[in-house]
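With chain A's structure known, arrange chain B on it following the hints.
The listed protein sequences correspond, in order, to chains A and B.
Just so we're aligned, residue 1 is where the first sequence starts under this note's numbering, counting upward by one.
Just so we're aligned, residue 1 is where the second sequence starts under this note's numbering, counting upward by one.
Keep in mind that a hint or two might mislead.
[Stated by the list, open to error] Derived coverage of chain B by chain A (criterion: at least 3 residues anywhere in the stretch with Cβ under 8 angstroms from a Cβ of chain A; other residues may be distant): (1) 51–60; (2) 249–261; (3) 356–367; (4) 411–417.
The set of hints was computed from the structure by calculation and includes no laboratory data.
Quick reminder that beta carbons are idealized off the backbone N, C-alpha and C, glycines included.
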Amino acid sequence: MLITCPYCGPRDVIEFTYQGDGNRQRPQPASQNLDAWNAYVYDRLNPAGDHNEIWQHSGGCRAHLRVVRNTVTHEILSTEFARGGHKTESRS
Amino acid sequence: MAEYSAFSLLKNALTGNKDWKPAWRKPDPKASYDVIVIGGGGHGLSTAYYLAKEHGITNVAVLEKGWLGSGNVGRNTTAVRSNYLLPQNTRFYEHSMKLWENLSHDLNYNVMFSQRGCLNLAHTPAQLDDYARRGNAMRHLGVDAELMSVDQIKRLVPALDVSGSARFPVLGGLMQRRAGSARHDAVAWGYARGADRRGVDIIENCEVTGFLRDGDRVTGVSTTRGEIRAKKVALAVAGSTGRVMQLAGISHMPIESHVLQAFVSESLKPIIDTILTFGMGHFYISQSDKGGLVYGGDLDGYNSYAQRGSLPIVDEVMSEMVALFPGLARVRMLRSWGGLCDMTMDGSPIITTGPLPGMYLNCGWCYGGFKATPASGWCFAYTIAKDEPHEFNAPFTLDRFYRGLIIDDKGQGATPRLH
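Pulled out of the complex, with its shape left as it was, chain A reads as follows (with noise of 0.2 angstroms):
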């Protein structure tokens, strides 16, 4: 499997370290809300068929990416920076 890294071009995936679901929403720091700190550690989309995952190229240039994969091919459909890693809760 490659992926292309938007610095480093393609690259063999053993290059990179997998960090999962990308669709988790993690709460801000302070908060409280249980169920929602539950939902970020725990639950994960598992779909079979396209996937939004996030990768690091931690053998290369350690930017962190965000990933569309199908998990039933391997395809990999697009790459691009991550920027904020997982996403967030908007500022309220």
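Frame of chain A; chain B shown alone:
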């Protein structure tokens, strides 16, 4: 269907083996059942068997999307052991071990259970201390465990590199002598035959495509062979849990599906007569009765529903094998394959009522489901029949993650690929 015995063997041999009957029927699905078990793997079949045998519930259908034994029950590396640290796991897997010890007799089907032992190798003093602790925890709950010295290990497995000059020298190991292996296909076939003889309908090539609902309550399933109603619908679909739960409208679970590879070498003369695990990586090896080395390692490490693996893990597993057994470097690999593992957030399984009314859930076997097959079915059948868990599976709830009651034997946290 007649009992298998030395007499039936002789009789059929004398009549040219023309009169053997199929081990289970191929019925068409009825319109409704008391219980539907989704998934005709080891766990689904053993659930149906114990529903009929222990609880007298025989109006049961097992629905299998492919053929029996096409999933993980035919893809695993056949290790059976109960060498866990945490008491919840130890009690459950030891119950399974006790069922294994009588399984061939109970099923009237030879599952070739061979108690050849399982030895976890330690490569650092800290790891040996950790194994001593685990061994003590096991013995405390009545499970056999034995700390072995390098000399004992050398006598047990002469081919192993215990020279001290290895990259990761062997310092000792933890042995469970009652551990062993079984013929995995025979386990599926034996349970299928046992359930069928008690009246359970085993329906192959019948894929569940949706759930019938009455409000929240699950009242049956729609399948590729029509709608089937049931008072109780039980899921035992292992790696496909995410996919099937999504059919029921539950999108999020504390589970990720991963792929695990396994390998078989060409046949060799007897060289390893126990199950051996490497402590400085993730590698385990045993030898089948045919002589092939059966071995495997780590998950590929990312979500996957493809029953095939990738080359980096092949490379890693082979390196680990050669690190332990330099003499095997030129042995040729015969086959490799992959199976889906439903990895939970704490590495322990889920056997519970719910999460919807009328539904029962058995999943989260990570990559250790084969050894659990008897106890999983036994506990799941109890849970389905009584609508409450047996004490052996009471800790394995779905909501334990949200109540601070996780059972994390490895102490790894909520990163499923590391369990």
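Checked hints:
no. : hint    : result
1   : 51–60   : violated (count 0)
2   : 249–261 : holds (count 7)
3   : 356–367 : violated (count 0)
4   : 411–417 : holds (count 4)
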